[in-house]
Amino acid sequence: MLLFFGRMARLGNRFLRFLGALITVFLSVSCIYILYDASYFRSTTYLSRDLMAYAPKEDDLTGLDALYAMNEDIRFWLEIDGTDISFPVVQGMDDLYYAYRDIYRQSNLAGSIYLSSQNRMNDIYLCVYGHHLENGGRFGDLDKFEDEGFLLEHQTGTITTLDKVYDLHIFACVITDAYNSMVYDVSSRTENNIGELETFIENNAVGYIDISTLPYDQIIAMSTCSDAITNGRTVLFATLTERQEAEEKAAARLSDQEAGDAARRIAEYHDEVSLRRWSVLNLLTLLLGAYLILPIGSIRKKYRFPVSLRKVFGRKRKIRFPLRRLCILEVLILCCMAVLFIYAENLSDPITIVDTWTPYFLLGLGILITVDIFGFSSFRFRRT
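Start counting the sequence shown at 1; every next residue gets the next number (the numbering used here).
Watch out, some of these pointers could steer you wrong.
What the hints assert, rightly or not - Label pairs and their in silico Cβ distance ranges:
| id | residue 1 | residue 2 | range |
| --- | --- | --- | --- |
| 1 | PHE15 | LEU362 | 20 to 28 Å |
| 2 | ASP95 | PRO215 | 29 to 37 Å |
| 3 | GLN244 | ASN135 | 37 to 45 Å |
| 4 | CYS335 | VAL25 | 16 to 24 Å |
| 5 | CYS335 | THR356 | 17 to 25 Å |
Rather than coming from a laboratory, the hints here were simulated on the basis of the structure.
Just so we're clear, the structure is a prediction, and the values are computed from it rather than from any experiment.
Ideal Cβ placement from N, Cα and C applies to all residues, glycine included.
Turn these sequences into a full structure, and let the hints steer you where they fit.
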């Protein structure tokens, strides 16, 4: 009976050690994923270099045609001089659609910069939304305008539509809450009552520049989250003035076929990038393979080699078992798995569970386990 309980205690001890090792591996992989996820989120808060190539330029407005051919929800390109705000602006069926989608309509926690669903481009008052990100992405730079000195030094910007170009003249920054109907009830703003909005802005702005003498065509509000108050919002206001010479540049637009070809190139690049994944299961098999060959504390005792197999197969057997050769074989297999992981996986890509290389990693791990079980565990390991 004592012998039975002794064996059960040893088995329980081994199980707890093995369980602790698995928990350690799981926590390590979880930490790696959390760090990766945070890094990937930060990397997607700004536009890719390839997409920025389609940003409208002063002498070339054709890039917006290609973007519109890819996504007809794109309304214009917004740029504020002296900041990182330079994004295509989309408009969804409601004000939540693009809050957590990118311009490709793919899920993205950073969302897009989007125009209120209540607006039409010829409205006297436009309202644009975007998330405030700590790294300055999206509308993360808007809170800088709460400093009146910064506002005075950064008053200009540009809005480029498919057929027009507008000059932005930033004149005020207001901190309010998300329920302020004066700011967010855009459908009620008309040419007859736009003066009420101007008065509200002048009375509540943390920074203000008088625009009473400036002619303008429209007013635009750029809104993002603020932690100054509960459900707070930082809203930047600017006037829009149409450039007359933009009509001449609009004549040199891309043809429908050229715009379609450019849109396909953008979509193909995005599809290629979106299909890239690295497999967490491949990383897990690599870590388990490393665990199998490394003497981690008292858990792994495989390096305490017996002199021979006489105690296993009897004294008449004098064949020495090549344990060290098996260790070398395991190391070679693990090195092959590591080289394959470096070659096949890119940790800067999004994560997935399995990919096309997973069977090879599972095969390598299976070989390691087979060698470990039948090569080492067929007899007891102890000091000789």
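Here's how the hints hold up against the structure:
Judged by the Cβ atoms, the range 20 to 28 Å given for PHE15 and LEU362 holds: they are separated by roughly 24 Å. With their beta carbons about 30 Å apart, ASP95 and PRO215 fall inside the hinted range of 29 to 37 Å. GLN244 and ASN135 have their C-beta atoms about 38 Å apart, which keeps the hinted 37 to 45 Å range intact. Range check, CYS335 to VAL25: about 20 Å between beta-carbon atoms, so the 16 to 24 Å window is met.
The beta-carbon spacing between CYS335 and THR356, approximately 21 Å, falls within the hinted interval of 17 to 25 Å.
Of the numbered hints given earlier, the model fails none.
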